[in-house]
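J.: Starting from the structure of chain A, add chain B where the hints point.
In order, the protein sequence lines correspond to chains A and B.
Throughout, the working numbering is defined as the position within the first sequence, counted from one, plus 630.
Throughout, the working numbering is defined as the position within the second sequence, counted from one, plus 630.
If you are wondering where the hints come from, they were derived from the structure by calculation, not from laboratory data.
Do not rely on the hints blindly, as some may be mistaken.
[What the hints assert, rightly or not] Reference listing, derived: stretches of chain A covered by chain B, where coverage requires no fewer than 3 residues with Cβ under 8 angstroms from a Cβ of chain B: (1) 716-729; (2) 887-895.
[Unchecked claim] Take a look, some chain B residues computed to stay more than 12 angstroms from chain A by CB distance: (3) Ala-646; (4) Val-651; (5) Gly-701; (6) Ala-822; (7) Lys-911; (8) Phe-923; (9) Arg-934.
In this text, a Cβ means the ideal position worked out from N, Cα and C, and glycines have one as well.
There are 2 protein chains.
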Amino acid sequence: MLAVHLESGRVELRRAALPRVPEHFARIRLIAAGICSTDLELQRGYYGFRGTPGHEFVGQVSEANDPAWIGRRVAGEINLACGKCDWCARGLGRHCPQRSVLGIVKHPGAFREFLTLPMRNLHRVPQSIPDEHAVFIEPVAAACEILDQVKIAKGERIGVLGDGKLGLLVAQVLHAHGANVNLFGRHRHKLAIADRAGISTETIGKMLPLREYPMVVDATGSPEGLRSAISMAIPRGIVIMKSTVHGLVPIDTAPAIVNEITLVGSRCGRFEPAIGLLASKKIRVDDLISETFPLDRAAEAFARAATKGILKVVLRPPAGSAR
Amino acid sequence: MLAVHLESGRVELRRAALPRVPEHFARIRLIAAGICSTDLELQRGYYGFRGTPGHEFVGQVSEANDPAWIGRRVAGEINLACGKCDWCARGLGRHCPQRSVLGIVKHPGAFREFLTLPMRNLHRVPQSIPDEHAVFIEPVAAACEILDQVKIAKGERIGVLGDGKLGLLVAQVLHAHGANVNLFGRHRHKLAIADRAGISTETIGKMLPLREYPMVVDATGSPEGLRSAISMAIPRGIVIMKSTVHGLVPIDTAPAIVNEITLVGSRCGRFEPAIGLLASKKIRVDDLISETFPLDRAAEAFARAATKGILKVVLRPPAGSAR
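Next comes chain A alone, as it looks inside the complex:
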């Protein structure tokens, strides 16, 4: 089968053997996968990654101990937890210290024709979610994680900083939840996507509003984002740190302390609410897909995904490729 291999910043195609299927695992034939900003960070050297990346996918189960899964169209949670520790017992396998992470830490990812995951990580994708939307289940779940971490009242004013893929999904998830969202970004054509979803947007000029929002989400992916978010929050406000930045981020802690801001780190989320939102079309993702590439043009797809102004790039196995 074909598999993408990432090493020292280079994206290559390799022929690989079909992956083994350990007990309680399933083998999944890839239908489509999305390139995430984290994949681009892996390419830049984040985590010293070497191997097959990819963690946003939809596929069809081709082999599994439990015959009920065979043939099912699935998405999969990306953290492979031990299932035995206290974290796992509390339903927080996403924080299991023994975990590997699909396409990120010690488990080859989804940018290959067949991948494997434990069956307990799988979620059936309902008919109403087309393949290219299903690729967004994982990032929408990450956006939904905010709702699991902090209480957000209907009508609460939330500033979302950043009009990239993550910012657009976060803004839509919070808007669908009933919050009064204001999305701040630099790109008219990206903000227009949020506009069409009924979200109020603002192009970032020289000044950002100061001490105005009870909650601000930093989804900029830039080192300045967090500082701006802190200054936009009212005293005792909450800043959600949604985008990882490689390396050290200089923040001015004094205003965070003087104004008693709470900063909440936020990562992966449960898939159930994300599947619900995508199935009910409460989140618009069509506009977020910039381009689709066949898997064997992954290098080109990565370059495209890293291009300014581009949103989601989707990979699909080349037509007719079998094993």
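T.: Positioned in the frame of chain A, the structure of chain B alone reads:
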């Protein structure tokens, strides 16, 4: 009267007129005041401060519209709020955007023979708290603020980083609350103070514990403190940012996000619980007083307070000075 004047890093003594007493204010004759790390930061140029610093004090009311206050021994909350805005209405005058702050922002501080504060800022100091302990009401209140911001169960494991004045008070307050506190510091003689209060302590070596505490308080006052605190917290743990650092602090946001740490900025607190703890002797502060200087030797006192290994330096008006 004598007043300390701080400007461009220099601590001088000046003769000043008795301060006016606006309506609803009281004039307070200083009994004793403490030099706080914030005062040393003001000296270093934090906030572009120029004027009389000092915000930890105990004094005796010498003039007030309300005769019930006259002659009372008092401590005073440091934020002078407008009393009219939404923040004030919610009992959060500490965050009133119009506020001035005693000895820090637009209101001359306590390092003078007479100071003024609104009567509503005053708290009677009970007999059972001697003068030099009363100087600690403000910093103990700041430590107590943590209990108002986050829920702490009895027996909860908390790591406190930093064995300075603030760290020693925070550790004692959390210990008195029933938490299982571990104080980390670099100075044996300072840690010994916590030991005597029944708190377990550890000298910081090359390594700090990793991912071990559900809650960590950074009271180091150093730029590295926050990074260490983040790495000591378990996933989904809480880090309290208790010490301000002047300038930008480089933090590695990736572990905070991956482990979904919550960082809570924490500043001033209510005086009531602090007075209660000091009155009941649940907090030991005698050991925290390094030296006492007369007010007219303030420059020397500041230099002493900035000396490594020194804890609280107390100022007292020179004996026999009247106006």
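J.: Now look at each hint and say whether the structure bears it out.
T.: Hint check:
no. : hint    : in the structure
1   : 716-729 : holds (count 4)
2   : 887-895 : holds (count 9)
3   : Ala-646 : 28 angstroms, holds
4   : Val-651 : 28 angstroms, holds
5   : Gly-701 : 35 angstroms, holds
6   : Ala-822 : 28 angstroms, holds
7   : Lys-911 : 29 angstroms, holds
8   : Phe-923 : 28 angstroms, holds
9   : Arg-934 : 25 angstroms, holds
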